[in-house]
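One line per chain: the protein sequences are A and B, in this order.
One rule links them: number in the working numbering = place in the first sequence (from 1) + 1.
One rule links them: number in the working numbering = place in the second sequence (from 1) + 1.
Calculated directly from the structure, the hints in this document are not laboratory data.
A portion of the hints provided could be inaccurate.
It does not matter which identical chain is used: a pair holds within one copy or between any two.
As the list claims (entries may be wrong) - As a list, the in silico BS3-like pairs of lysine-lysine whose alpha-carbon atoms are at most 27 angstroms apart:
#, residue 1, residue 2
1, Lys30, Lys54
2, Lys136, Lys30
3, Lys44, Lys54
4, Lys136, Lys54
5, Lys136, Lys190
6, Lys190, Lys44
There are 2 protein chains.
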Amino acid sequence: MTDSHRGTARTEAIMRTTLELGQEIGYAKLSIEAIAARAGAGKHTIYRRWPSKGALLLDSLLSLHRSSLDFSDTGDIVSDLRTQMHAAIDLLGTPPFGPLYQALIGEAQSNPQVAAALNERFITPQAELTVARLKAAREQGQLSPDFDLDLAMAVLSGPLYFQLLITQEPLTHAYADRIVDALFIGMGKH
Amino acid sequence: MTDSHRGTARTEAIMRTTLELGQEIGYAKLSIEAIAARAGAGKHTIYRRWPSKGALLLDSLLSLHRSSLDFSDTGDIVSDLRTQMHAAIDLLGTPPFGPLYQALIGEAQSNPQVAAALNERFITPQAELTVARLKAAREQGQLSPDFDLDLAMAVLSGPLYFQLLITQEPLTHAYADRIVDALFIGMGKH
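Bound-form chain A, shown alone (with noise of 0.2 angstroms):
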């Protein structure tokens, strides 16, 4: 095993643990020492990478992450909307990502570091793959040609994050499914 090898093993580890002991006393009593301890690292080789519980928790939630809110492109953005609010929810919805994901977003109104590494790491990037699939569906004449593009992000999500932080009720599909048809039918009179 190379260095880089170990390296990239302890990381994960650091990682795991992270996310293992996040689910089972919360974000608030999570610590780098319990980490440390419970992951057989030392707690500077945490900082040395990780300069805060939220950017260790940022990076240990990203790599559950992946791919999976990627969009697929069956030609109908009806159904792809649905398709990728529904993989949303279900990753929202799910221990550990739902929970920690909620605190850390909790984290993030306090701690502009976290704010903005959420912000680059995932949001912007989930963003431009939206924009990016709205864009086609709308050169394919599936969607409305005045549609704000740049708020799509923000009109989607926007009632997601309102359920998950503020009314904090059950994400299901079939309000993902809601969210869709009233902004695919609109409020007006056509």
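Add chain B to chain A, keeping to what the hints say.
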């Protein structure tokens, strides 16, 4: 001055101090002890009324908000929605309400009592006003008869909260207008 008047004056002084001190030092550093000291009140007086810092902040924020988010009814639903969204943005974008409300939502991610109180005392009444105004518009034929009214709060507010909590970019009236326009046009071709 009666005992009840004195109680009200003291309650108002404590809430005013919570907002002042919160604005000065931020929610994370705010403590019941410091609020009590500056308001000239006993710590136990505060704890008798508010179980936690989050509960006290929620009441203090609601005392600022009062009826500023009531819906006007000019007969034109698009114009009334814009007015209402602008008021929401003015509230969210202005200290002390904005940053402290954001911190409170952060707190609500790990404190279920704060989350429940936020919903019961602020979100649900707001949703009811929104649905009532939209229902009237639907009856007047200004809204698509198919539009899912129960989703109105989530689709209108969701993109505001997304910007406040996730992308953390400044909230502007122009952003609100784009949301209302996008929701009225819809994503679909007509």
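Hint check against the structure, violated hint numbers in rising order
2, 4 and 6
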